[in-house]
Each structure stands twice: as C-alpha cells, then as structure tokens.
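Once you have looked at the hints, place chain B on chain A.
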Amino acid sequence: MPETLLANKTAFEERRNREKYCKQWLKTQQKTVAKSINYAALAGICNGLLLVLQSALLAFVLHGLLIEQQALFANLDNLRFDFLAFFKGLLIIEATKPVTENLLLPALALLFVVMMLRSFSVYLFQTLGFEAAARIKSRLREVLLNKLPDLEPDYLKQHQSGELAATILEQIEALELYFSRYCPQQLIIAVLPLLMIALVMPVNWVAGVIFLVAFPLVIFFMALIGISAAVASRNQFLAMARMGGYFLDRLQGLPTLKLFGQAQAELEHITQVADDFRATTMKVLRIAFLSSTVLEFFSALGVAAIAVYVGLGLLGKIDFGPAKHISLQQALFVLLIAPEFFMPLRQLAVFYHDRAAALGAADLILKLSDAPILNWSSQPEIIPEELKKFPDLSLELQNVSKLYGERTVLSNINLQIKPLEKIALVGESGAGKTTLLKLMLGLEMASEGAVLIQGQIINPDLASRNITWIGQGASIFYGSISDNISLFSPDYSAEQISTAATKAGVTEFSDKLEQGLATIIGERGYGLSGGQIQRIALARAFLKNAPIVLLDEPTSHLDEQNKTVLLEVIDSLFKDKTVLIASHDPAVIERMPRQILIENGRLL
Amino acid sequence: MSDLRFFLQLFKPYQSWLIAGVLLSILTTLGGIALLTLSGWFISSAAIAGVSVINDVTASFNYMQPAAEIRALALIRTLGRYGERIITHEATFRVLAQVRIWFFAQITPLATGRLALIRSGDLLARMTSDIDALDGLYLRLIAPVVVATVGLSGVLIFIYQYAPLISLNTAALLVIACVIVPLLFNRLGDNGAKAIVSLTATFKTRQIEILQGLRDLQTFQAYERFKNQVLRVSERLIETQRGNNRLTALSSALTLFISQLTLLLSVILAAMALQDGQMSAAESAILVFCILAAFELVMPLAPAMQMLGKIQQAAHNIRTVASLPPTINEPEQSLPLPKNYDLQLENLSFRYENQENWLIKDLSLNIPQGSKIAIVGNSGMGKTSLLHLLLRFFDPQQGRVLLNGEDYKQFNSDELLSCFGLLSQRSQLFATTIRGNLLIGKANATDDELNAAIAAAGLESFIQKLPDGLETWVGEQGLKVSGGEARRIALARVYLKNAPIILLDEPTEGLDSKTEEDVLTALENLVRDKTLIMVTHRSAGLRLAEKVYQFKPEGLTQLPSVPDKLEQILLYSE
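Order-wise, the sequence lines are chains A and B. So for the first sequence, this note's numbering puts the first residue at 6; every next one is plus one. So for the second sequence, this note's numbering puts the first residue at 66; every next one is plus one.
Just so you know, the hints here were simulated from the structure itself, not pulled from any lab data. From a predicted model like this one, the values you see are computed outputs, not experimental measurements. It is possible that part of the hints are untrue.
[Stated by the list, open to error] Okay, derived cross-link-like pairs now, SDA-like style, lysine to any residue, Cα gap no bigger than 20 Å in a straight line:
#1 B:Lys-375 - B:Ala-198
#2 B:Lys-292 - B:Thr-267
#3 B:Lys-292 - A:Gly-527
#4 B:Lys-579 - A:Glu-411
#5 A:Lys-14 - B:Leu-424
#6 A:Lys-162 - B:Ala-551
#7 B:Lys-269 - A:Gly-527
#8 A:Lys-580 - A:Arg-470
#9 A:Lys-568 - B:Leu-424
#10 A:Lys-28 - A:Ile-232
Chain A on its own, in the form it takes in the complex (with noise of 0.2 Å):
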C-alpha cells in the first residue's frame, strides 16, 4: 500500500480535529440533561458509599467472629441492640478493639439492608441514565426532522433516503449508551475515589496514602499510553482506515468484479488485506491493552502492598504508621476496600467503548445538521420597481440562471406566464425541465435572477399555497386512498374527497375495491398501478384548488390509450387554472396553445 508517512500523518490529523468538533458537541448535549446525568452519578455514588459500609460491616462481623469469637445464635434471650455500642464498634477509627458481644446479628441484618440498598442504587443508575438519553434522542430527532424540508436539494439528491433515516433513527440510537452510563461514570470517577480515601485516611492512613499516590499514577499511566497508542496509530491510521473499509468496499463492487471476473480473485485480496489489518491494529492494541495492565498492575498491586503491610502489622513485624496498635478490624477494611477503589475506573473502561460508538454516531448526525440548507431569507423581501412591471402575471422568471457547482443547468431564462394560460413545457431530459419547474416550486433557488408568482418574489410558502404539483411519479403514503387524495389538509369533508375522486377518475377504480375509498395503500397497502397513482395524484391536485398547476411528464408511463383519458382529465379538472406541463410526449404538446421549448438550458 503507497500511503507515505505524511498521508497519514495529515488524515490521523484532520480526523482528530473531527473528532474534537464531535466531542464539543456531545459535551453540549450532555449539557442539556446535566440532571438527569447528575442523579444518575449520585445513585452510583451512593452504591459506591454503600460498598464502604458493607465493608466496614463485614469486618466488624469477621472480627467479632474470628477474633473475639462470638457465636451468632448464642444469646438469643438476650439480645442486646445497644445502637450506640454497636455504631461506636462500626466506627473503626479507635484502635482499641471494639465489643462485638451481641452486636453480630444486629450487623448482619444491617448488612442485609445495605445489600438491598445497594441494589436499587444499581437500578436507579440505569433507570436515571435512561432519562437522560431518551430526553436527548427525542430532542435530537425532533431537531433533524425540521431540518429535513429545508435542505439544499442537492443534498438530499446525493443521500439515499434509507441513509438519512438510519442517521436520524439508528445513529441517534448509537448515542443512548454514552449519555446514559459513560457520562455518569465519569462523573463517579472524579468524587467516589476521593470519598473513599477520605473514610479510609483515619482508619489506616498508609492505605490512605497508598489509594491517594495510586490513583493520579494510574491516570497519568494510562493517559501515557493513550498518547503512546495514538502515536503509533498516526503512522498507521490511513491505512488501517483503508483495510477497515475493504470489506465492505469489495462486498458492495461485488457485481463490477463478477462482470470483469475478478470475484474469485478477490477472495485471495480479502484473506490477505484482513491478515495485514489484524498484524497493523495489534502493533496498536499491544500499546493500548498497557493501558488495562497498568489499572491492573495497581489494583494488585494495592491489595499486595495492604496485605502484607496489615499483615506484618498484626504480627508485629513492623512499627511503621498505624501498623503496630492495629486491629482485625481494621486490616480486613482497608483489604475489603483495596480492589473496590478502582472498580470505577474499570467500569470506565468497560464503558469506553459507548464512547468510540457515539463519537462515531456524532459524526454522522452533525454532516446532516450541518448540511447545507437554503436560504431563503437572503432574498430581498421588497420587490425592487423594475420587477413589478406585470403584477398581474401568474408566474414571472427574469434574468433566472441556475448552476450546479460549474454546471450550468439553466441559464439566463426569461418567461411570463399569464393567468388561465396552458403551455406545454417542452425539451429532452437533461436540459433544464425540472430545474424550471422545481425553481418556481420554491423547491430550488435561482442562482441568479428573480422568480415572481402573482407579482411577489418566491419563497417556499408563496409557492406551496399558490401552485399544485403533480411530479412524475406522484407519492402515495400509507393510509386510505382518502387520505392521500385530503393531502393538503385533513378538513375536507367526505363529500368533497369524493367529488374530488370522482371527478379524477379515481372512482373507477376504487369502486370495484371492497372498502373504496377506504381501502388502504402505500407501503403494504394495496399495490397501484402507475396510472391509478395519477388519478390520485389529480384528485388531490384538484382538492388543493391552487389557482397555478404544474405537471411533469404525466403520460411518461401511460400507453396510448390511457394517454388519451387522462388528458382529457386534465383538461377537465384545471379549466379554470393556469397550466404548465413539461413534456415531450407529442399528444401532451399538441393539445397545449403556447409551447416553450427548452434545449440545454435555454428557452429557444
């Protein structure tokens, strides 16, 4: 693979500014649900408070056990619950031995409660963190969806639909975990530690010391790694990037490579390219798993160190610090509690992961939030005088060119359309039709040039309750055909819908169907025909009763007779309505007293 040094250099570069940006806005997400991810945080705190006191309880138990050897059962006559007695034991601070006599079932219910308690903290974490994620993803895909009808055509032609929909449901789903559990973990991470060393500092100040030295080390450490791992990632990156993205590359050209017969060769590439991907990304993990070595090495470490520190204490083999008035007690605290202080950086870890997941999930929402939208604002909203020399034309282009990056699709239009006029707009594909129409749709704005309905500048609400558009291939929605014909608005009456049906030739159909009208369609729904499509799409164009109509090739999927029906249709429904038909079907042009005829994006 020819990547230099420097290629990689420059894309690991540009992917970690990326990756800032995305980490920015995560961090302003979380912003929003800073309370939910706060109580979250607390219930893992408290779990991690309760952890000490279980803790504590059981040394008090064992010693009482072991040491003082009390049986459990022995007194149950005289069970004693001196609450004083029995805290005062619990606060292990005192050196002098504490009097368990009577005190161990006490404990041992207590310990019960912590144990549920401790529970419910567990379900109160994930039920919190929910919150906070579900709050974010309904917001966030509210946001999107009412960014959607404002993007730049352009846009939304080079993305599939299924692309857009998996980022506003699936990527935003990606985000769930990050918000629900990493976040408030981080948040655990920079307060249990320090309550910890906080209860253990006067019970045994070494192990204070030990947790209170171990802890920044174990940061440093694994930020040093982290640093380390993405060094030698960066002179790797763009080709992992590359060998991450063959498989799929090569599954998706699998039809280009059958065609050149290459498929079976291909097979041996894969092998290979997944064997160069394993070799390169575990010269990186090498680096990267240091990281949880060294959270191990500590968390043993700490035991290990405790252990024989305590130990050799008890014995009295040393007389450094606390070692020498120590008590069982105690010992078995500060042991208890030595591989519990890094529980919450591994569970970090565990979770880091969520991280990678929604870092990656950002990137992909923010390329659509960040997408190119038009602007319609930045046309100027007062008509300058010399545009209003026709205000009573229906529809008026003047000067109106519009360009794709450097091509030019339209250029230089100038069109006035009078109203109740009916044109045929005529011209091959590609040479500008769609662009016009969509132009004065408000669906496109011109590059240059002014489009004017009824004497003002467009935009697209002018547009949408001025004109009627039947595009080619009209979309039918789930629901009854009433509902797609009722499109504009869900108040006309039945009788309306039915005139309306009737009228489009929509009955003709829908009647021999058991539920007429009723009977429901799109997605699932009873198949259509292309031409039953069209009635639909007539009946609802009829219904709007906008005083402008344009169509777009209506008969491009018709045969001759069913040609000839549906113009007649047409004819019928927009007596009354200015018309404009793009098309070069010969039967549509000829029925059609003024024709404009577009070639290369000029009016000829």
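Using the frame of chain A, we list chain B on its own:
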C-alpha cells in the same frame, strides 16, 4: 442455537488460539481470586496468631512465604491480564476474517441477480455490521461463559473441601443470580424487544416515505403533519425502550442482590461451623474472601446472557442472506464459448419476482456480431432489465436468449460474462489506487496496455495533474473524483477488458455536455469493431448506433433512421 453452532464450526481452524485465550483468562481470574483469598487468610491468621500468645507463636508463623506468594500472585494477575487481552483479540481478528471470507464466497453466486432484487447497498452494510457483531460470540459470550464455568467449578471444589454446604449453597445462588435471572428477564422483555423491532421498522418506513415524498408533502403543506406522525412513533419507541430498560435494570439489581446474598449466607454458615468447631477461624476467613473474590468471575455472565439474543440474531441474519437461492442455475455441463457472438432474443417475456405486470412482453430481436443498436425509451420501463437478461443476471420467464444459436442456459454464467463489457450510469470505483481500479479490467495488464486504455478514455491529462499519478488513492479515504472522471476510469476498465460485446446503459447520464462529448468520442473508438447495444432515454450518443429501436409497453419498434435531434424522436413516436 444452530446458527451459533454453525459459526463455531467455522471457527475450528483457530481453536488453539481460542483455547489459549480462555486458558489465560482463567489463569488471570484465578490469580486474582487467589490473591484476595490468600491476603484475607494471611491477615486473619496473623491477627489470630498475634492475639493467641505473644512472641512464641508469632515467631513460628512463617510470614515470609505468604508475603512472597502474594507478590507473585499480583504479578501473575498483571501479566496474565495483558496476555489474555492480546491472545483473545488475536483470536477474534482471525475468526472474523474467516467469517468474512466465508460470507464473500457464499454471496458471490448471489451477485448480481439476487443482490439486484434486494436493496443491496443497505443490506450489505447491515451484513458487515452483523459480521462485526459476531466478534462478540467469542469475546463476550463463549469466553466469559467458559471462564466462569471452569473458574467457578475450581473455586467451588476448593470451598467444598472445607464446607460442602457453603459450596453448594453458593453454587446454587450464583447460578440463579448470574444465569437464570438474566435469562428470565430477557424472556420477560421478549414482547418489548419485539415491539422495539417493529416500531423501529415502522419508524424507518415512515421516515423513508416522507423523505421520498418530501416534495409532494412540501407543495401540499403536509410535512408538519407527517413529521409529527414520525415523532409519535419515536416517542412510542422510547416508551417501549424505557419499559425494557427497567427490566434490564431490575435484572442487574437482582443479580447483584442475590450474589451478595451468597456472601451473607456464607458468613452465617461459616459462623455456625466455627461455633460447632467444624472449621477453624483461618479457614472461615478463606471462605469469605474466596467467595467475595469469585464475584469477579461471574459478573461478566449477566451481560453475556443479555448478549446472547443479539448475537443469535446477527448469526441468523447472516446465514439467512448467505443461503438465499441464486436467480439462475448453472448447467451441469456447460458448452464452451463459441467463436461467433451473434445474439438472438426470442419472444422474451420477463417480470421480477412478486411483480404482477410484465416488464418485457414477447420481445424478439436479432443482434448479429458487429452490429450497433440503440434502444430508446423512458426511464423505468425495463430497458435496464433487458440488459440484465443479456448478462444473464436473470432468466426470462418465457422465451430464450441465444448466443450463436445456443440457449444461454447452456453456458457457464461467469464465462458468458467474459463476452460483455458494460458501462453504466453508476461507475463503481473501488477504494484503491487508480491503477488498482484499472487492473480490475485486466488483472495482468502491462504498463503499455494501461497507457493505451488511459489514452483511449481521455484520462491522460487528469492523471498527469495528480502528484501520485496512477498511484493516487480514490474513493473512501482518498481523492474524490468527479462523476466524469469516474465514468472515464470505468471506461478505461471496459477498454482493458476488450470484450466482443459492449453494453451501454445511459452511459453519459449526469455528465455535462462537454464531458459527455468527450466520453462519446472515446466510446466511438472503443466500439469500432465490436457489437454495441446501448439503452438510453436521450438523443445524445445515438450517433454510435446504426439502428435505433423505441422501447414501448407494446414492444420494440425500429425507427426508420438514426435521429440526431430530439424533435426527430418526437416525430417518429407519433
């Protein structure tokens, strides 16, 4: 389950890696358990020794050895963890590669007919993530379960020697806590999980529906209403997820509680044994610490059980796709390719599966070798399907396609494909260098051949401008080439293949008129002494053809001459 077993079979070549990973993992976990247990015992014994008699016994207590053992165990634990991570990940990578290769080999016969029928881009992306999800099969499911089973058995046998009752009691409770509870709650969440799947599908369909109908919704001012419908589905989805999350949380809480309960019960049972004199004080300390440490062993079990469903689903999805039937069958004994490439379409009728109306009805056409024809017609009418029949992605329901008088079905489909060079409106570029992309056309092409192809496709100046020339990476993670450049690279590839029949499917769609002209000129050279079959809905490019047919629902009609203007097509179609 059979799906999982199937993939485990596939993993077999790497079983030594898999086993080594598990063994190291067991060693690490047992090291940790031993560390805590030994420490607990050491402290307790030291305390008891310290209490009983001063000096004498303390002196006889050999504290050097356990102290050294504790340090050794800490080391084993640390190194073991590192080794375990490395080995298990090596194993996972190897296994995943194996699955990918298997999948690619399985799906190759399904390309291109079957893949053309399903929305394959989406599907294949989903497949890739399903295959990736299979890495959990070893790492998150099998390994933790085996480690927990083996490790726990060891711990329980160890405890059994001191206190059989405690051992059995612990075993029972831990199995309930870490296996039965998660599985039970998974089951309870079944309805919710199904609802989530169906709501997700509904969301997606609705979402795609409003995206595809966006223009209609906008012009009918209905977007707001439809958007709110989608948002309501999203709210219902989140509500269902909330219910299921509550179940999972409850399951985690119960798992924790029951496993903690083993600790409590063990302390009580140990106290009683201690009192009865069946156990020494030091032994009971060992028990308590051993059980406490064993939680580490069983804690990964609950998430593993929760993963089970997901991994099973992924495995099932992959196998379902891999076992789809191909759209055509290969002959048992295939004819060798003829020297003559006359094509004949004989009364072809064709429609896609589940389609009611014929897309192509009773179509006949002779295409002798070297002839150049174009078929014009509106988009979406079945012109591309006709090309698919020529490439034998599908077989027609009625009629036959003949090559040199022999039925297509008698040839091996891969060999048949070697007769055709296809240039379509979608020029698939691979994420590799330009050279790599060209070599797809001819794997062993010499530099001279490459240069000839580059010249023929008019790519010279484009490549000269690139600092890395032919070695420039294109596609994902590389240079974004324009549509015109991609088309020309694809064209050079077809040139290199040098097949006797050239198929063009809207070859200049989406190009500006200057590029269109350049591509057409290149094509003119390319098809000079070959058969040409071109489908298009535009007049551009028709000059390449000698005969032009119009494609209509009623059938093919030949136009009296090759039109060079739109008006002429209009004229003819009357």
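Here is what the structure says about each hint:
1. B:Lys-375 - B:Ala-198: holds (8 Å)
2. B:Lys-292 - B:Thr-267: holds (13 Å)
3. B:Lys-292 - A:Gly-527: holds (17 Å)
4. B:Lys-579 - A:Glu-411: holds (12 Å)
5. A:Lys-14 - B:Leu-424: violated (53 Å)
6. A:Lys-162 - B:Ala-551: Holds, at about 18 Å.
7. B:Lys-269 - A:Gly-527: Roughly 14 Å separates the two Cα atoms, so the pair holds.
8. A:Lys-580 - A:Arg-470: holds (19 Å)
9. A:Lys-568 - B:Leu-424: OK: Lys-568 (chain A) and Leu-424 (chain B) at ~18 Å, within 20 Å.
10. A:Lys-28 - A:Ile-232: holds (17 Å)
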